[in-house]
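Engineer: If you're matching them up, the sequences are chains A and B in order. Take 246 as the starting number for the first sequence in the numbering used here and just add one per residue. Take 259 as the starting number for the second sequence in the numbering used here and just add one per residue.
Hints are supplied without guarantee of correctness; some may be wrong.
Unchecked claim - Computed Cβ-Cβ distance ranges for the label pairs, DEER-style:
no., chain 1, residue 1, chain 2, residue 2, range
1, A, Asp327, B, Ala762, 50 to 60 angstroms
2, B, Asn714, A, Gln533, 52 to 62 angstroms
3, B, Val718, A, Met346, 53 to 63 angstroms
4, A, Asp327, B, Pro400, 51 to 61 angstroms
5, B, Ser540, A, Ile393, 55 to 65 angstroms
6, B, Ala753, A, Ile393, 35 to 45 angstroms
Hints were generated in silico from the structure; no laboratory data involved. Computed from a prediction, not measured in an experiment: that's the story for all the values here. Cβ coordinates follow ideal geometry from the N, Cα and C atoms, glycine included.
Each chain, letter by letter, is given below.
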Amino acid sequence: MGRYIIQRIVLTIPTIFAISIVSFVIIQLPPGDFLTAYITTLESGGQVVDQAQIDALRNQYGLGEPVHIQYLKWISRTLVGDFGYSFQWQRPVSELIGERMLMTIILSVASLLLVWAISLPIGIYSAVKQYSPGDYFFTFISFIGLGIPNFLLALVLMWWAYSYLGMSVGGLFSQQYADAPWSLARVLDLLAHLWIPAIVLAVGGIAGLIRIMRANLLDELPRLYVTTARAKGMKEGRLVLKYPVRVALNPFVSTIGWTLPGLVSGSIIVSVVLNLPTTGPMLLTALQSQDMYLAGAILLLLSVLTVIGTLISDILLAWLDPRIRFN
Amino acid sequence: MTQDETFLRRSGMTRRQFNLMFSGAVAGSVVLPTLVKPAYAQPTQFNEAPMLAERVAAGELPPVAERLPPNPVVVTPTNEIGTYGGRMFGAGRAPETANDLQIGQVAGLFRYSNDLNEIYPELAEGYQFNDDFTECTITLRPGIKWSDGEPFTVDDIVFYFEDWQYDSDLLPVPSATLMAGGELFSLEKLDDHTIKFGFAVPHPAFSIIHFSGGPSEPFRPAHYLRQFHPKYNPDAAAEATAAGFNSWQTRFTNRANSAGGSFHNGASNIDMPVLSPWIPTSVDSQRQQYERNPYFFKVDTEGNQLPYVDYMTVEYASNAEVMNLKAVSGELSVAGMDIQLSNFPIIRRGEETGNYKTKLVYSERGSDVCLAFNQIHPDPVLSKLFTDVRFRQAMSLGINRTEINELVFLGQGTIRQATVNESASFFEPRWAEHYVAYDPDAANALLDEIGLSERNADGVRLREDGVPLTFQLEFLPHEGPKTEVCELVVKHWQALGIQVQAAARERSYLIERLDAQQQDATAWHADRLLERPAYAYGLIGKMGPGGDSIVRYGKLWQDWFNSGGERGTEPPQEAKDLRAAYVAWQETEFGSDAYMAAAKQVYDLTTETLWVIGTVGQSPQPVIVRNDMGNVFRDGDETRFWWGAANWFWHTLSPEQWYIKA
Numbered sequence: 246m247g248r249y250i251i252q253r254i255v256l257t258i259p260t261i262f263a264i265s266i267v268s269f270v271i272i273q274l275p276p277g278d279f280l281t282a283y284i285t286t287l288e289s290g291g292q293v294v295d296q297a298q299i300d301a302l303r304n305q306y307g308l309g310e311p312v313h314i315q316y317l318k319w320i321s322r323t324l325v326g327d328f329g330y331s332f333q334w335q336r337p338v339s340e341l342i343g344e345r346m347l348m349t350i351i352l353s354v355a356s357l358l359l360v361w362a363i364s365l366p367i368g369i370y371s372a373v374k375q376y377s378p379g380d381y382f383f384t385f386i387s388f389i390g391l392g393i394p395n396f397l398l399a400l401v402l403m404w405w406a407y408s409y410l411g412m413s414v415g416g417l418f419s420q421q422y423a424d425a426p427w428s429l430a431r432v433l434d435l436l437a438h439l440w441i442p443a444i445v446l447a448v449g450g451i452a453g454l455i456r457i458m459r460a461n462l463l464d465e466l467p468r469l470y471v472t473t474a475r476a477k478g479m480k481e482g483r484l485v486l487k488y489p490v491r492v493a494l495n496p497f498v499s500t501i502g503w504t505l506p507g508l509v510s511g512s513i514i515v516s517v518v519l520n521l522p523t524t525g526p527m528l529l530t531a532l533q534s535q536d537m538y539l540a541g542a543i544l545l546l547l548s549v550l551t552v553i554g555t556l557i558s559d560i561l562l563a564w565l566d567p568r569i570r571f572n
Numbered sequence: 259m260t261q262d263e264t265f266l267r268r269s270g271m272t273r274r275q276f277n278l279m280f281s282g283a284v285a286g287s288v289v290l291p292t293l294v295k296p297a298y299a300q301p302t303q304f305n306e307a308p309m310l311a312e313r314v315a316a317g318e319l320p321p322v323a324e325r326l327p328p329n330p331v332v333v334t335p336t337n338e339i340g341t342y343g344g345r346m347f348g349a350g351r352a353p354e355t356a357n358d359l360q361i362g363q364v365a366g367l368f369r370y371s372n373d374l375n376e377i378y379p380e381l382a383e384g385y386q387f388n389d390d391f392t393e394c395t396i397t398l399r400p401g402i403k404w405s406d407g408e409p410f411t412v413d414d415i416v417f418y419f420e421d422w423q424y425d426s427d428l429l430p431v432p433s434a435t436l437m438a439g440g441e442l443f444s445l446e447k448l449d450d451h452t453i454k455f456g457f458a459v460p461h462p463a464f465s466i467i468h469f470s471g472g473p474s475e476p477f478r479p480a481h482y483l484r485q486f487h488p489k490y491n492p493d494a495a496a497e498a499t500a501a502g503f504n505s506w507q508t509r510f511t512n513r514a515n516s517a518g519g520s521f522h523n524g525a526s527n528i529d530m531p532v533l534s535p536w537i538p539t540s541v542d543s544q545r546q547q548y549e550r551n552p553y554f555f556k557v558d559t560e561g562n563q564l565p566y567v568d569y570m571t572v573e574y575a576s577n578a579e580v581m582n583l584k585a586v587s588g589e590l591s592v593a594g595m596d597i598q599l600s601n602f603p604i605i606r607r608g609e610e611t612g613n614y615k616t617k618l619v620y621s622e623r624g625s626d627v628c629l630a631f632n633q634i635h636p637d638p639v640l641s642k643l644f645t646d647v648r649f650r651q652a653m654s655l656g657i658n659r660t661e662i663n664e665l666v667f668l669g670q671g672t673i674r675q676a677t678v679n680e681s682a683s684f685f686e687p688r689w690a691e692h693y694v695a696y697d698p699d700a701a702n703a704l705l706d707e708i709g710l711s712e713r714n715a716d717g718v719r720l721r722e723d724g725v726p727l728t729f730q731l732e733f734l735p736h737e738g739p740k741t742e743v744c745e746l747v748v749k750h751w752q753a754l755g756i757q758v759q760a761a762a763r764e765r766s767y768l769i770e771r772l773d774a775q776q777q778d779a780t781a782w783h784a785d786r787l788l789e790r791p792a793y794a795y796g797l798i799g800k801m802g803p804g805g806d807s808i809v810r811y812g813k814l815w816q817d818w819f820n821s822g823g824e825r826g827t828e829p830p831q832e833a834k835d836l837r838a839a840y841v842a843w844q845e846t847e848f849g850s851d852a853y854m855a856a857a858k859q860v861y862d863l864t865t866e867t868l869w870v871i872g873t874v875g876q877s878p879q880p881v882i883v884r885n886d887m888g889n890v891f892r893d894g895d896e897t898r899f900w901w902g903a904a905n906w907f908w909h910t911l912s913p914e915q916w917y918i919k920a
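Next comes chain A alone, as it looks inside the complex (with noise of 0.2 angstroms):
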């Protein structure tokens, strides 16, 4: 087991630097940089900015050098904790990453915690209850939520929120809680708010989730431990939660390494439609206006903890499931 997860971390080392490769070439394909974006913004503020000005600094912001130099500049400073400056806010990427971190993290794991309560029990009851008109009903919910596009659920949840309930619309506070220091109230505040985007994150993960674990659980209610189980007379709701379910669970923990890196990222559209102060949405700006700093942090923390995530939950099953093989 220890050699097992000591190979699984080294590993993860050229990985990662392979991903920080591609993910800064990527960024680097689209035709132009920042400062050809840049001119058509600052038009629209009005300003007069000549293109030889702009050919000239990009020099000056280092934008001129050929991508191998600039990915080697970039690489090595990240490495010793400088992201450098992001082009569109003119301040360090790591305070803007840091800025949005926390709500990112409350937002994510809300809407996960969500998940798993409501999908859980009624994926359990769906398989144990199998064709009854409480599956069938769970079921047609579940292929609806699947089917909404989150961001159209997002748009009618906002508007109705705001028509009937008279909710400030977009983000997480209230106006005057914006910018307050942490209370009761303001606790309860984000509360208020936050019920839109965890539903919102959550209707298509719930839904998922449902029907993985009745599938799993179908799965393994037939088998012949279940039936010996039974017929030495073990209680039908214990016996159910004590091992088939155990079993079937091993989907949730194969996925916990794809949520950290949805932590991070949030769900873009959704964080868009919403306002959401998360990192979502900065991810998408900051790859639309070529903020290569910024945009290849998040991209290179977001492939970090995929890495990461990756590696717990293969820990995590290897120590589940005895089954899994360490080679």
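Knowing the structure of chain A, use the given hints to seat chain B on it.
Structural biologist: Chain B alone, transformed into the frame defined by chain A:
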């Protein structure tokens, strides 16, 4: 308007009249306009906001009389004297783009009426050209202080030019807006409050006087920024690297609240002192916060120091729908820049619950969507077509502008060519009417005449090499209903037997295509077409030879002009004529007879060449003003308000005298 402040100089006044007015004041070598006609008695007693009075009492600030200049600008409130206090809320789209509150509050050397025809003194008290317009002397109002209490002097202007705009380490290529006759303006400090600019050629169109293309701030706080410049601080480069910047230059521009040499609307550096009514106090990735500037140099007619409002918050909205919904739910004190006309019905319906009022204002854009054909197209057949004026005339005649106006602009826009605003003193209606009538028969006849009479089985016209005539209308789907208009235009052109598609492009990609002169036809808006910006900036604007921005239809001509014929492509005679006409116009005095004649020459040429084809201009723009906001618009004022007059947006409404009603 609110700027009933003493006026400096009316539009249309000739130099002779002007000098007559001041003949009594001649003393010494420099003749400067002094205050002409104080509309109101100068207040002698000054009051201040309660939050500042507290700080004075606590000994943190000097008393108000010491903070104000001895001769502060007196602003007549739009409706009534306001009350102090409160917070204004606004929203913006992204840190680097302009937003309602932030762009409205920038202090400039001069101030303009809404149609930009009148200039009022602000940070500067006046200006004076010499007889042959090769020099212009500007006097600053004495005693104005930066928000940290340091005096604002000519040094701040000299620093802006010599240590930034002209410093080849910082900006290797200085901006064309700072040149006359191809040479940079020269500067001479006469004393702390007087500066003389010199020009290589007569330059009455001096951009700093007529400038209205965005916040006019040819100054920066030298006392603060010197520490970032190696000329004043030998360690500047080392400090920049230590702070995580690429170079001292990128740190300097960052600390000067700039990116890429121009103003950064995100106000990324809150440490830099300002002259505007509010100071940025915090900036993060979600919002900008502002607080009143205790040293702001304006008072109302009763001597109350402005601004009235204590605080401002500008929140970023990640998309236009959230922005519009925020406005409708009454969260924004004022909103306009990102409010979409297509949402007008929803916005009107929400007035009562959202507790706001809507007003329609009008864009100063000569054409909200204008079209231009690449004049140096790599395909010789298309190039021959696009450079034929009859082709462009046919394309203009083939557009059903009434339909565009009804479907896209609620019938409230103006059908016109992309030309100067009718408020210009020299305006002639024929410029706006040239080939705007919808006449598909005449258009078809013209197309037949230029050799496009053959058609294939699908009715598509064949080019002279037998290939169906196909091209793309490329545009950026930003800043107004470009997509909707382009799709209609394409439909109209297809009816003429041309296979044309509307193609929304990604920003950088389209710019690269334009730089390489590879586009077919492009669409954008034609702005800065009120009189003064057209005069001061026309040559390098969208209606100048070769165009600009997304309608840069002749970049290679511009390369040829700029390199003195070494690079680029030699332009046709009309383009040379247009350039010469602009240059000649800029050498005539604003409002003089020669000026009128030269302007006619310019717009006759842009009209005849039809390089830029207009569709619908001066479109309506809904703006929202919450009911608790006072002094924003004059009560009962029905005059047409030019929205974003040369991109100043709320500026001509003087946000410093807005107040929040109890």
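Engineer: Could you tell me which of the hints above the structure violates, numbers in ascending order?
Structural biologist: Those not satisfied are hints 1, 2, 4 and 5.
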